[in-house]
Amino acid sequence: KQEVTQIPAALSVPEGENLVLNCSFTDSAIYNLQWFRQDPGKGLTSLLLIQSSQREQTSGRLNASLDKSSGRSTLYIAASQPGDSATYLCAVRQETSYDKVIFGPGTSLSVIP
Amino acid sequence: ETGVTQTPRHLVMGMTNKKSLKCEQHLGHNAMYWYKQSAKKPLELMFVYNFKEQTENNSVPSRFSPECPNSSHLFLHLHTLQPEDSALYLCASSQDIGRSITYEQYFGPGTRLTVT
Numbered sequence: 013k014q015e016v017t018q019i020p021a022a023l024s025v026p027e028g029e030n031l032v033l034n035c036s037f038t039d040s041a042i043y044n045l046q047w048f049r050q051d052p053g054k055g056l057t058s059l060l061l062i063q064s065s066q067r068e069q070t071s072g073r074l075n076a077s078l079d080k081s082s083g084r085s086t087l088y089i090a091a092s093q094p095g096d097s098a099t100y101l102c103a104v105r106q107e108t109s110y111d112k113v114i115f116g117p118g119t120s121l122s123v124i125p
Numbered sequence: 002e003t004g005v006t007q008t009p010r011h012l013v014m015g016m017t018n019k020k021s022l023k024c025e026q027h028l029g030h031n032a033m034y035w036y037k038q039s040a041k042k043p044l045e046l047m048f049v050y051n052f053k054e055q056t057e058n059n060s061v062p063s064r065f066s067p068e069c070p071n072s073s074h075l076f077l078h079l080h081t082l083q084p085e086d087s088a089l090y091l092c093a094s095s096q097d098i099g100r101s102i103t104y105e106q107y108f109g110p111g112t113r114l115t116v117t
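Top line first, the protein sequences correspond to chains B and F.
Using our numbering, you'd call the opening residue of the first sequence number 13 and step up by one each time.
Using our numbering, you'd call the opening residue of the second sequence number 2 and step up by one each time.
One or more hints might be untrue.
[Claimed, not checked] Below, computed lysine-lysine pairings styled on DSSO-like, alpha-carbon distance capped at 27 Å:
(1) F/Lys37 - F/Lys19
(2) B/Lys54 - F/Lys37
(3) F/Lys41 - B/Lys112
(4) F/Lys23 - B/Lys112
[What the hints assert, rightly or not] With beta-carbon atoms standing in for the labels, derived distance ranges:
(5) B/Ala90 - F/Thr3: 23 to 33 Å
(6) F/Ser63 - B/Pro125: 44 to 54 Å
(7) B/Ser81 - F/Pro84: 39 to 49 Å
(8) F/Ser73 - B/Val32: 31 to 41 Å
(9) B/Ser24 - F/Arg10: 25 to 35 Å
(10) F/Leu28 - B/Gly28: 33 to 43 Å
No wet-lab data here; the hints were simulated from the structure.
Every value quoted in this text rests on a predicted model; they were computed, and no experiment measured them.
Just so it is clear, CB atoms sit at the ideal spot from N, CA and C, and this is done for glycine as well.
Extracted from the complex, chain F is given alone in its bound form:
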């Protein structure tokens, strides 16, 4: 596979469930991002990882727990979510080191999450 992939593409979960979203990038990038896109709201940056280290947490509730075991994989662990957490969750990656740093982001297709 090429680019940025996300699984699952669709997820329905109850408020008491625990689930995980997975993102994998095949671009050799070192930085990975989680975004939330709710209806009629701009994309919201949630977390940023650079070389597996979390460098940004945009005041995200603790019911969202990110994990970055290596530069190619990023997870978002979900537990005791609320209906307002229903949204499209997007993963992105970028190359943040090297001689020609542009920080250009490449996005995955997203996971459509519905919390019932």
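Pulled out of the complex, with its shape left as it was, chain B reads as follows:
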């Protein structure tokens, strides 16, 4: 059974700092991994999606990497800003059952001005 964990559960950093969020999964048979951000009480906004054959994806100040064999993904945020404060979620889609999507519990990020 696939399990997805995210470390740390919460993170507080000063503005301008570079930071890394971690996502781990137990079953490496994934089709893709998607990173989202969620603002309090709101829906999810897609940030980056990495297919299982890819190693990384970049969008602006965000870079996501995937090491499928070791069951890990990282989300790197450069030059953090207060507007980056949100909860960051990773989700894996299973290779054997494309309709199965498992989410991690999220990392709550606070960027202090």
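Following the hints, position chain F against chain B.
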């Protein structure tokens, strides 16, 4: 409207009520999903529909009844709910056919449900 919309945004209902949540996607996608997000728990996938056919039911109690009349609309009918069903219910869609399949999901803003 664009993207994925959900109505109502907030709903308070008693345990004996019957209500429905509505989701509409304007992205031309063929797959739609219902998720439940409870406090301090990861998002839980509830149902998946692909071209109006239910392809996933994640052991959801029968007091939740989904309906997908077409690829753009998804409903979640609620009846005799329990207080522990209070949560944020999120709808998502993705494009699961075509030459460049990524299954990237797009979410709606959610319906905050409180069962009293």
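Q. Which earlier hints turn out false for this structure, listed by number in ascending order?
A. none
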